[in-house]
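Asks: Chain by chain, the residues:
Number of protein chains: 2
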Amino acid sequence: MTHPLFTKHEATLDQALAAIETRGYWSPFAEMPSPKVYGETAAANGEAAFKAHLGKTFELDQPSTGETVGDERSPFGIGLGIKYPKSDPDALIRAASEAQSAWRAAGPKAWVGVSLEILSRLNRASFEIAQSVMHTTGQASMMAFQAGGPHAQDRGLEAVVYAWDQMRRIPSEAHWEKPQGKNPPLAMQKRFTIVPRGTGLVLGCCTFPTWNGYPGLFADLATGNAVIVKPHPGAILPLAITVRIAREVLRDAGFDPNVVTLLATAPNDGPLVQELAVRPEIKLIDFTGSTQNGTWLERNAHQAQVYTEKAGVNQIVIDSVDDLKAAARNIAFSLALYSGQMCTAPQNIYVPREGIRTADGHVSFDDVAKALAVSVEKLTSDPARAVELTGAIQNDGVVNRVAQARELGAVLLDSQTLAHPAFPEARVHTPLMLKLDARADEASFIKEWFGPISFVVATDSTAQSLELAGSIAQEHGALTFAVYSTDDAVIEAAYDAAIRGGVALSINLTGGVFVNQTAAYSDFHGTGANPAANAALSDAAYVANRFRVVQSRVHVAPKAATAEASQTA
Amino acid sequence: MTHPLFTKHEATLDQALAAIETRGYWSPFAEMPSPKVYGETAAANGEAAFKAHLGKTFELDQPSTGETVGDERSPFGIGLGIKYPKSDPDALIRAASEAQSAWRAAGPKAWVGVSLEILSRLNRASFEIAQSVMHTTGQASMMAFQAGGPHAQDRGLEAVVYAWDQMRRIPSEAHWEKPQGKNPPLAMQKRFTIVPRGTGLVLGCCTFPTWNGYPGLFADLATGNAVIVKPHPGAILPLAITVRIAREVLRDAGFDPNVVTLLATAPNDGPLVQELAVRPEIKLIDFTGSTQNGTWLERNAHQAQVYTEKAGVNQIVIDSVDDLKAAARNIAFSLALYSGQMCTAPQNIYVPREGIRTADGHVSFDDVAKALAVSVEKLTSDPARAVELTGAIQNDGVVNRVAQARELGAVLLDSQTLAHPAFPEARVHTPLMLKLDARADEASFIKEWFGPISFVVATDSTAQSLELAGSIAQEHGALTFAVYSTDDAVIEAAYDAAIRGGVALSINLTGGVFVNQTAAYSDFHGTGANPAANAALSDAAYVANRFRVVQSRVHVAPKAATAEASQTA
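Listed in order, the protein sequences are those of chains A and B. Last residue of the first sequence? That's 569 in the working numbering, and every number before it is there in order. Last residue of the second sequence? That's 1569 in the working numbering, and every number before it is there in order.
By construction, these hints were calculated from the structure, which means they are not laboratory data. Note that the structure is predicted; figures quoted are calculated from it, not measured. Glycine included, each C-beta is placed from N, C-alpha and C at the ideal position. Just so you know, not all the hints are guaranteed correct.
[Said to hold, decoys possible] Only part of the chain A face toward chain B is listed, based on derived beta-carbon distances under 10 Å:
{"no.": "1", "residue": "Val37"}
{"no.": "2", "residue": "Val374"}
{"no.": "3", "residue": "Gly511"}
[Unchecked claim] Simulated pairs of lysine-lysine, DSBU-like, Cα-Cα distance not exceeding 30 Å:
{"no.": "4", "chain 1": "B", "residue 1": "Lys1109", "chain 2": "A", "residue 2": "Lys378"}
{"no.": "5", "chain 1": "B", "residue 1": "Lys1378", "chain 2": "B", "residue 2": "Lys1325"}
{"no.": "6", "chain 1": "A", "residue 1": "Lys51", "chain 2": "A", "residue 2": "Lys83"}
{"no.": "7", "chain 1": "A", "residue 1": "Lys447", "chain 2": "A", "residue 2": "Lys325"}
{"no.": "8", "chain 1": "B", "residue 1": "Lys1178", "chain 2": "A", "residue 2": "Lys378"}
{"no.": "9", "chain 1": "B", "residue 1": "Lys1325", "chain 2": "A", "residue 2": "Lys36"}
{"no.": "10", "chain 1": "B", "residue 1": "Lys1008", "chain 2": "A", "residue 2": "Lys178"}
{"no.": "11", "chain 1": "A", "residue 1": "Lys36", "chain 2": "B", "residue 2": "Lys1559"}
{"no.": "12", "chain 1": "B", "residue 1": "Lys1178", "chain 2": "A", "residue 2": "Lys325"}
{"no.": "13", "chain 1": "B", "residue 1": "Lys1036", "chain 2": "A", "residue 2": "Lys182"}
{"no.": "14", "chain 1": "A", "residue 1": "Lys182", "chain 2": "B", "residue 2": "Lys1086"}
{"no.": "15", "chain 1": "B", "residue 1": "Lys1325", "chain 2": "B", "residue 2": "Lys1370"}
{"no.": "16", "chain 1": "B", "residue 1": "Lys1325", "chain 2": "A", "residue 2": "Lys559"}
{"no.": "17", "chain 1": "B", "residue 1": "Lys1378", "chain 2": "A", "residue 2": "Lys182"}
{"no.": "18", "chain 1": "B", "residue 1": "Lys1559", "chain 2": "B", "residue 2": "Lys1182"}
{"no.": "19", "chain 1": "B", "residue 1": "Lys1051", "chain 2": "B", "residue 2": "Lys1086"}
{"no.": "20", "chain 1": "B", "residue 1": "Lys1370", "chain 2": "B", "residue 2": "Lys1447"}
{"no.": "21", "chain 1": "B", "residue 1": "Lys1378", "chain 2": "A", "residue 2": "Lys178"}
{"no.": "22", "chain 1": "A", "residue 1": "Lys559", "chain 2": "B", "residue 2": "Lys1036"}
{"no.": "23", "chain 1": "A", "residue 1": "Lys109", "chain 2": "A", "residue 2": "Lys56"}
{"no.": "24", "chain 1": "A", "residue 1": "Lys36", "chain 2": "A", "residue 2": "Lys8"}
{"no.": "25", "chain 1": "A", "residue 1": "Lys86", "chain 2": "A", "residue 2": "Lys51"}
{"no.": "26", "chain 1": "A", "residue 1": "Lys8", "chain 2": "B", "residue 2": "Lys1178"}
{"no.": "27", "chain 1": "B", "residue 1": "Lys1056", "chain 2": "B", "residue 2": "Lys1083"}
{"no.": "28", "chain 1": "A", "residue 1": "Lys51", "chain 2": "A", "residue 2": "Lys36"}
{"no.": "29", "chain 1": "A", "residue 1": "Lys83", "chain 2": "A", "residue 2": "Lys56"}
{"no.": "30", "chain 1": "A", "residue 1": "Lys86", "chain 2": "A", "residue 2": "Lys8"}
{"no.": "31", "chain 1": "A", "residue 1": "Lys56", "chain 2": "A", "residue 2": "Lys8"}
{"no.": "32", "chain 1": "A", "residue 1": "Lys325", "chain 2": "B", "residue 2": "Lys1559"}
{"no.": "33", "chain 1": "A", "residue 1": "Lys325", "chain 2": "A", "residue 2": "Lys378"}
{"no.": "34", "chain 1": "B", "residue 1": "Lys1036", "chain 2": "B", "residue 2": "Lys1008"}
{"no.": "35", "chain 1": "A", "residue 1": "Lys178", "chain 2": "B", "residue 2": "Lys1036"}
{"no.": "36", "chain 1": "A", "residue 1": "Lys325", "chain 2": "B", "residue 2": "Lys1008"}
{"no.": "37", "chain 1": "A", "residue 1": "Lys182", "chain 2": "A", "residue 2": "Lys559"}
{"no.": "38", "chain 1": "B", "residue 1": "Lys1182", "chain 2": "A", "residue 2": "Lys36"}
{"no.": "39", "chain 1": "A", "residue 1": "Lys178", "chain 2": "B", "residue 2": "Lys1325"}
Please put together the full structure from these sequences, using the hints given.
Replies: Below, the structure is given as structure tokens:
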């Protein structure tokens, strides 16, 4: 049973299958906002589409109470004033159940084809989505385009191809024939049907609503489930646009659009989410956010398969370098990018208190710390250039955390507020860097300080640095880990620490790749092996539990006996 | 990195990979206890090996307190008197952690090779294991051989091949090269390492210690985990022999045998198990047993991936048949086999109260019920033949349940005690069959009555039968479901009910295949889609969460640029 949308996108799917097998570079979505690729008017049209949302009620023809909800505020200070249809969770669950039966019956090729068509249309809406990501998360415009558009679409497609890679292994039919000695064989015809779990719930975050939301959304959809998308109250628009496009594709393909619905909520929606998350109809939950909320889901939503991404402590071990400036530039970029508001941004940078070896000779701890601080300062000294890197701070909680962190130790580089040339009301804060000590300050640096906050930590030795990195990742979680060393034995020891901590390792990054960036189809995001995430994006484990297989079997004439009989005849 | 044991068994592994892809018939283990296959003296040697255990302390050179434990009683009434070394769970956890590091580092081919070698040696011990299964579970000797030996080994191998099928998809290395327009591409070398979760805990049951224990044991081992095997206190010996063989293979292969250890316990070991199950070192739990204990694990062992098989209500819908006698014979065999002490044995048999169509004309409800009862009676009337089918009752709880069930409705066929010709003290009880009504007796038949207890339930129609079957499976769980109908539309409706209930469907079984039997590599056992089990044996979902992937990445020279440079040169 094929589907026209499957056929339409089959070549892309085949390339994606090859990509996850070799894990080399590949993407069908252009990451540069080039007019040649996206069209000469695409950027202007996208911005116009975004502006058309401002001060309006977002139209979505799904079950609604008739009321509206919505209180997003742009970190760049512009007025948004967007309202969304308010929906009763009960009504969305009912609508999903009703939509589910025809969707389920359509089968894997329809699920995959529809998912790929949605991604293709999302790609065309990348500029509108980029603006909506920028003005809800605070990401600068280039990052909002890349991470909110093509890179998010890549992670969505990655989930689809993993789902397909698993589903295609289940034959739809089988002939089973068991020899019975001198008697005729037992023969059965078997039929296997892939059955979705039911309704999925995707709980979005306020920093990467699409990048962190798409994997769960598309993993659910591609395996035949219905999905209720509940954005963070601070970043609804990017997922509202996404849901609207998904519903258009579903309707165009002849399905009930309530396969995908939006649950827009007001701030402090915790009780509503908790009530919804334990509903028996909700079989899958994908969550990105705080450890507190993620752990609550893991411990209470027993009826569902729960995938969580929570807090972590990302770490860099500096042992020795050829070119300290190149290393410092690379690390500084990772610290400044989106003001450290990435789940992958480094926080703890361990440097031996005796200093390190470089190609230019020995460099003291203080000079390493200074080199890092100077590099960050350079990146952030010119406000006009800086804001294109740092973006704005998503919420006041992050600003307050910076103030709180300042008390933890000696300030190496203080956080500055910057005036954004284009958005005078933008909330822009440059990175705060502190010097800490591995012996005295462990209580401070074993926890996540989400935002533009990092610590250069003096250790007794690289061995202690690696020991800290491995054990903190294991106990407190981590999504990224980097090592700088010119010594192969140290790099091997770092890989051992990475294995112990269940975290991916980046080695000697000095060029155009940064520790907080991962490439879909090649780099796993998270491992599922430490408390920062219970799953990786994406792998078989991320998709295989989103569907089940139901089979039948019935006796048929044995083929062997038939062959024998016809030979005899 | 290959391993001699991987190479030794690679051809078998390749055949197993082909089998799970086509899901046709295949097995490397002979299911008939034939001297030609197993050797002329194998049966006698196996029985001697079993008898040598009686009245002794089972030798196992693992961490032990020096005390012994063990109180198994043969359902056939012979004295066992076997004691096992008592172990402190803490000591086993420590030993597993110590054994883990070299085992982890050996990599997937070593894990798979060692697992396959263990299965191969278990196969050679099939007669000894058969005797031990018989005298702990109460299975008759042929079933104890087949289900306890080769069929259990098949389910173990199936888990290994699923694990390998997933692990082999992760490349050990990758070259990633991203074009940068006119600039040289970014190139990175990546390394991927499969990392086990840690220590697994396998909680055995008292009816199928090996068949239900091997999938979890081998899924854990084949993905590099250490395993603590905790048998049911009533059926320790089969898993003790298994653990001993596993440890021999590990030691022969140069690994610390504490990768696999046995935790033998006394009856009422609940508190000990609960304490162990929530230990942070335990990352995987495989459980077969009561809904109460399984649900406790699902709700409390948050630190672990928990796989459970629990209670269910297996059902048969009789709509119409060509040959009532053939259908009744097939069903009767399923009811009598091991006295219904199978998680797959049918319990509720729905028949329209208006009767059914057959090739010989209309047959009333009462006559259908009678045909079923007569068939069971025939199978169980001659004690000498009957006991080879029914075996013995595992424990007094089952006997008491039969007495309790007798009060639920009109007795169609009463349970009899039989004298076993070879074992005068054997606890043999034939099936109890009752007539119930779909309208009046639902409270009785929506729960599992584990043991030789079945209900012929009068329904308003086949439509009601199917509605009950689907909804009871969905709400109360089911591992098997069968339909008898000559009407294709009814069979399709039954398949819809199967999908709704998340349960496999057997259609018109009248020959040598029985609803309570599944074939490894072809039939999934359980689906994970209803409360009877949260996983299927075996599929990708059963293995994919037992390992994680840790990676590294480092810049290397681009291949494209190198090629260009060498062309220029």
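Asks: Indicate, hint by hint, whether the structure satisfies it.
Replies: Each hint, compared with the structure:
no., hint, result
1, Val37, "violated (12 Å)"
2, Val374, "violated (23 Å)"
3, Gly511, "holds (6 Å)"
4, B:Lys1109 with A:Lys378, "violated (50 Å)"
5, B:Lys1378 with B:Lys1325, "holds (12 Å)"
6, A:Lys51 with A:Lys83, "holds (14 Å)"
7, A:Lys447 with A:Lys325, "holds (28 Å)"
8, B:Lys1178 with A:Lys378, "holds (27 Å)"
9, B:Lys1325 with A:Lys36, "violated (75 Å)"
10, B:Lys1008 with A:Lys178, "holds (26 Å)"
11, A:Lys36 with B:Lys1559, "holds (27 Å)"
12, B:Lys1178 with A:Lys325, "holds (24 Å)"
13, B:Lys1036 with A:Lys182, "holds (16 Å)"
14, A:Lys182 with B:Lys1086, "violated (49 Å)"
15, B:Lys1325 with B:Lys1370, "holds (11 Å)"
16, B:Lys1325 with A:Lys559, "holds (26 Å)"
17, B:Lys1378 with A:Lys182, "holds (27 Å)"
18, B:Lys1559 with B:Lys1182, "holds (15 Å)"
19, B:Lys1051 with B:Lys1086, "holds (22 Å)"
20, B:Lys1370 with B:Lys1447, "holds (24 Å)"
21, B:Lys1378 with A:Lys178, "holds (27 Å)"
22, A:Lys559 with B:Lys1036, "holds (27 Å)"
23, A:Lys109 with A:Lys56, "violated (37 Å)"
24, A:Lys36 with A:Lys8, "holds (23 Å)"
25, A:Lys86 with A:Lys51, "holds (22 Å)"
26, A:Lys8 with B:Lys1178, "holds (26 Å)"
27, B:Lys1056 with B:Lys1083, "holds (6 Å)"
28, A:Lys51 with A:Lys36, "holds (23 Å)"
29, A:Lys83 with A:Lys56, "holds (6 Å)"
30, A:Lys86 with A:Lys8, "violated (35 Å)"
31, A:Lys56 with A:Lys8, "violated (35 Å)"
32, A:Lys325 with B:Lys1559, "holds (26 Å)"
33, A:Lys325 with A:Lys378, "holds (12 Å)"
34, B:Lys1036 with B:Lys1008, "holds (23 Å)"
35, A:Lys178 with B:Lys1036, "holds (19 Å)"
36, A:Lys325 with B:Lys1008, "violated (53 Å)"
37, A:Lys182 with A:Lys559, "holds (15 Å)"
38, B:Lys1182 with A:Lys36, "holds (16 Å)"
39, A:Lys178 with B:Lys1325, "holds (24 Å)"
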